[in-house]
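Protein chains in written order, with the numbering used here: chain L, 1 to 250; chain F, 1 to 458; chain B, 1 to 201.
Watch out, some of these pointers could steer you wrong.
[Unchecked claim] Derived coverage of chain B by chain F (criterion: at least 3 residues anywhere in the stretch with Cβ under 8 Å from a Cβ of chain F; other residues may be distant): (1) 30-42; (2) 52-66; (3) 69-75; (4) 100-109.
[What the hints assert, rightly or not] Pairwise CB distance ranges (calculated): (5) L:113 with F:176: 39 to 47 Å; (6) L:117 with B:31: 38 to 46 Å; (7) F:441 with L:30: 48 to 56 Å; (8) F:120 with B:6: 52 to 60 Å; (9) F:19 with L:27: 32 to 40 Å; (10) F:98 with B:15: 27 to 35 Å; (11) F:36 with L:29: 41 to 49 Å; (12) F:98 with B:33: 12 to 20 Å; (13) F:192 with B:63: 46 to 54 Å; (14) B:154 with L:29: 30 to 38 Å; (15) L:30 with F:9: 36 to 44 Å; (16) F:164 with L:141: 51 to 59 Å; (17) F:418 with L:232: 55 to 63 Å.
[Stated by the list, open to error] Simulated coverage check for chain F against chain B, where a stretch passes if three residues somewhere in it have a Cβ under 8 Å from a Cβ of chain B: (18) 259-271; (19) 423-435.
Don't read these hints as lab results, they were simulated from the structure.
Where is the CB? At the ideal position from N, CA and C, for every residue including glycine.
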Amino acid sequence: MKVGLFIPCYIDQFYPHVGMAVVRVLERLGVEVDYPEAQTCCGQPMANTGCADTAKPLAEKFLSVFEPYEYVVGPSGSCVAMVRHHYDELLHGRSGFDELKAKTFEFCEFLTDVLKLERIEGAFPHRVGVHQSCHGLRELRLGSSSEMNVPPFNKTRILLEGLRGISFSELSRADECCGFGGTFAVAEEAVSCMMGLDRIHDHEQAGTEVLTAGDMSCLMHLEGLLRRQKKSMRVMHVAEILDAAAGEAP
Amino acid sequence: MEHASLAADFVKNDERAHWHDRSLWFVRSKRDKCAHALPEWELLRETASQIKLHLMSQLDRYLEEFERNATRLGAVVHWASDAAEHNQIVHDILLSHGVRKVVKSKSMLTEECHLNPFLERHGIEVIDTDLGERIVQLRDEGPSHIVMPAIHLKKEEIGELFHEHLGTEAGATDPQYLTEAARQHLREKFLGADAGLTGVNFAVAETGGIVVCTNEGNADLGTSLPRLHIACMGIEKLIPRAADLGVFLRLLARSATGQPITTYSSHFHGPREGGELHIVLVDNGRTDLLGSDEFRRSLNCIRCGACMNTCPVYRRSGGHSYEATVPGPIGSILAPARDAGHYHSLPFACSLCGSCTDVCPVKIDLHHQLLTWRKELALRKLVPWRKRVAMKLAAGVLKRTWLYALAGRFGRAMLRWMPRFLIYHRGNPWGKQRELPPAPKRAFRQLYRQERKRRGQS
Amino acid sequence: MASREHILSAIRKRLPESQPAPSLEQAWTTYADPTQQFADVLHGVGGLCVRCRNLGEVRAHLASVPEFSQGTRICSAVPGISLGNVILEKIDDPHDLADVDYAVLPGEFAVAENAAVWVDGSRVSHQAIYFIAQHVALVVPAAEVVHNLHQAYARLSFPDSGYGVFISGPSKTADIEQSLVIGAHGARSQIVYLVDEMSAN
């Protein structure tokens, strides 16, 4: 099984250790990983600003870069949702596009749905707060959203639940948006930051030591607020937790 | 004004913005309890959506059927292409009956058409009888929410308002006391009214009847005392069969306020004995939405307000920051359809979290429609040029891997070496309350290459 | 009428692809004890459900209700319960009902899922009485409790009554800071009597 690693641009630039954690976790699970260096950005910032024509060449580039792989896996629900749900109008009818949509997975859902993992070995003796990134939750349906009356499930949390020593903080608002929202974070700076701080307060009252998510972009925003306020809460991508936990394995 | 700056003003009063957020979250929580208590909730949503889509696909036929049946029952059906015609029709009916005083129950359509100021200009007294609407009417402002029009006000402000207008005790803030004062004040208005005006929640093609839902009983009092009842509705309020009401009434109040049903769900089939019933069917841009594959579903809307209650942006920016009759997610779709130039900032007043889509009882894909609006606005060059140019420039870099990698190295180096004041300044909204992400020496692609090399050697 | 044609032709030009109407025949929620469910939900929305064997028991219970016993203007429109001093049929103008303190009125059937009672306006001379009276009691045959709104609409046939309304609890508002206040414009209190035998005893 050959996986083409999709490392979103901002992770490539700002959070390389998250990408490396993904590589290590996948390789430990016996997956053959390859990172095609020609990749840059999926085009989501342009598409979400309404500039579809600007996003199009990036979508085309993405398609050609990842065409050779059996699977495409990325540690970002939002970017994977872009490929799976919003490339349609940009790449409709292109050869290989339907296959691309079907073979592109968010990191956690690749582990649960393709590798069919139910638990991962390791220990992470910390109180973890899981931030449900909106696009992972409501676009990719990586979990049940609090609005809907469906049987509860959560693909991110189920992977963490098997770690020894881990405990979870329970939030008063289970899956409210952190306020990142791409360019929203700067265009609506005031509301965006208020949303982020509200999430942080919710995690604080719930006793979160380590704040995690499947989407580094939400965490970039929340970490920015935490660091400015000099708070001690740590921010880790799910892949980083799984990677660190494996290091603790007996 | 742009939504972002009005929202920033709202957020400045942190205590109040949080109070507003909590009030609405409380309503959302009540809604959740109702939705989770009903095993068939998702089936109801799907069924409601399908009924509306079915209706849209035969809207002409159903409107004619409705008109035929309503007329047979003795109602008079009017058609208005736009707000001006709607207002004129209502005014003409009132004039021909010598009406001076009208009591009105909640109708977002008449808000949309700005009926009140129109009638007042013609010397007719219009009294909004829904408590929340009466409050904002006395304040001479629009509603900030379609179900809870005065949700932006504190009881102290309402106490002061009532003291001034209704003569309540100075400093009184008890909701029970203030509501009682409004009850007495509005009783007089009900008893003195020459006509009752209502909105319409649902109109049934099969029977020619209309259904109006209230908790206060104001629509019923307002129509059972005066002989003249005028009901105003957008053409999308139609449903095919009476049995469909079973679906919609189960969803409406649960979604809106977390009640199992509104206190009064009143079914009017023709005028009452000795009375007159006029029904005004209004287009005002709705047929344009019908013709759009992208936005048609927004006509499903039953005006429950659930998308507002759940919207993290609405809760923190207040209804008035949208400057539209209908605020929040659904309003941000409807308003630009009416005037894209004026409302261009609304589809961007959204983090695309999708909570509105999941909460919507008629399954409008709200956040996708907002995204589609952004595209539409970009096509019409209504997205600020700075945003468009920035995106073009970024895409120009991102298209070329070598340029992207180079720009990344350069950018990160700058972030590491530049003095703080050159990074954190007024031109950097990210950095106003947030630190920028760390700027590591090596990007992932470099680390990955090193790692592979090391492994290759070992 | 120009607008009528204008709107209809605009619609015809824009009609989307035909979509079938969905089936409403589903396994909608029913309750083990619909009467109890009705009573519980009614309590939750600020009303009171009282089970009576006959109309005599209704009268007896009413006598214990302060709003009723202290009322000065009282009317009943329930056949078999003649009480009070306001006779609806003898009133010409509904405005004259403004000072009614308590009204005992007929309801056709009750809905368990949401505590709604279907009221048929044609059963009384002035439908205003349901809303203008300060307090209202609805008298409903105990056998007439349906599980949910789908069953409710299945038994209604429009336009048999020109005016009909589902009433669920007393009038209420929460327009001031989300504080629930009972008694907005309509009834300040509501009792629903579910009666086994609609006879005096």
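Right, here's what the structure says about each hint:
Residues of the region 30-42 of chain B lying with their CB closer than 8 Å to a CB of chain F number 1, which falls below the three-residue condition for coverage. Chain F is given as covering the region 52-66 of chain B, and this is violated because 0 residues of the stretch bring a CB closer than 8 Å to a CB of that chain, at least three being needed. Here the region 69-75 of chain B counts 0 residues with a CB under 8 Å from a CB of chain F, which misses the bar of 3, and the coverage is violated. Counting residues of the region 100-109 of chain B whose beta carbon lies closer than 8 Å to any beta carbon of chain F gives 0, which falls short of the minimum of three for the stated coverage.
One distance hint, 39 to 47 Å for the beta-carbon pair residue 113 of chain L and residue 176 of chain F, is violated here, with the actual separation near 55 Å. Checking the proposed 38 to 46 Å range against residue 117 of chain L and residue 31 of chain B shows it holds: the Cβ atoms sit about 42 Å from each other. Roughly 31 Å separates the CB atoms of residue 441 of chain F and residue 30 of chain L, a value that falls outside the hinted 48 to 56 Å. A C-beta distance of roughly 28 Å is found between residue 120 of chain F and residue 6 of chain B, which places it outside the suggested range of 52 to 60 Å.
In this structure the supplied range 32 to 40 Å is violated for residue 19 of chain F paired with residue 27 of chain L, their Cβ-Cβ distance being about 51 Å. The beta-carbon spacing between residue 98 of chain F and residue 15 of chain B, approximately 42 Å, falls outside the hinted interval of 27 to 35 Å. The supplied range of 41 to 49 Å is broken by residue 36 of chain F and residue 29 of chain L, whose beta-carbon atoms lie about 36 Å from each other. Under the hint 12 to 20 Å, the C-beta atoms of residue 98 of chain F and residue 33 of chain B, about 55 Å apart, miss the expected range.
The given range of 46 to 54 Å is broken by residue 192 of chain F and residue 63 of chain B, whose C-beta atoms sit roughly 36 Å from each other. Taking 30 to 38 Å as the suggested C-beta distance range, the pair residue 154 of chain B and residue 29 of chain L does not conform, at roughly 56 Å. Judged by the Cβ atoms, the range 36 to 44 Å given for residue 30 of chain L and residue 9 of chain F is violated: they are separated by roughly 56 Å. Between residue 164 of chain F and residue 141 of chain L, the C-beta spacing of about 52 Å keeps the proposed range 51 to 59 Å intact.
Separation of residue 418 of chain F from residue 232 of chain L is about 27 Å and departs from the stated range, judged on CB atoms against 55 to 63 Å. Judged by the Cβ-Cβ criterion of 8 Å, the region 259-271 of chain F is covered by chain B as claimed, because 13 of its residues qualify and three suffice. By the rule of at least three residues with a Cβ nearer than 8 Å to a Cβ of chain B, the coverage given for the region 423-435 of chain F is violated, with 0 such residues.
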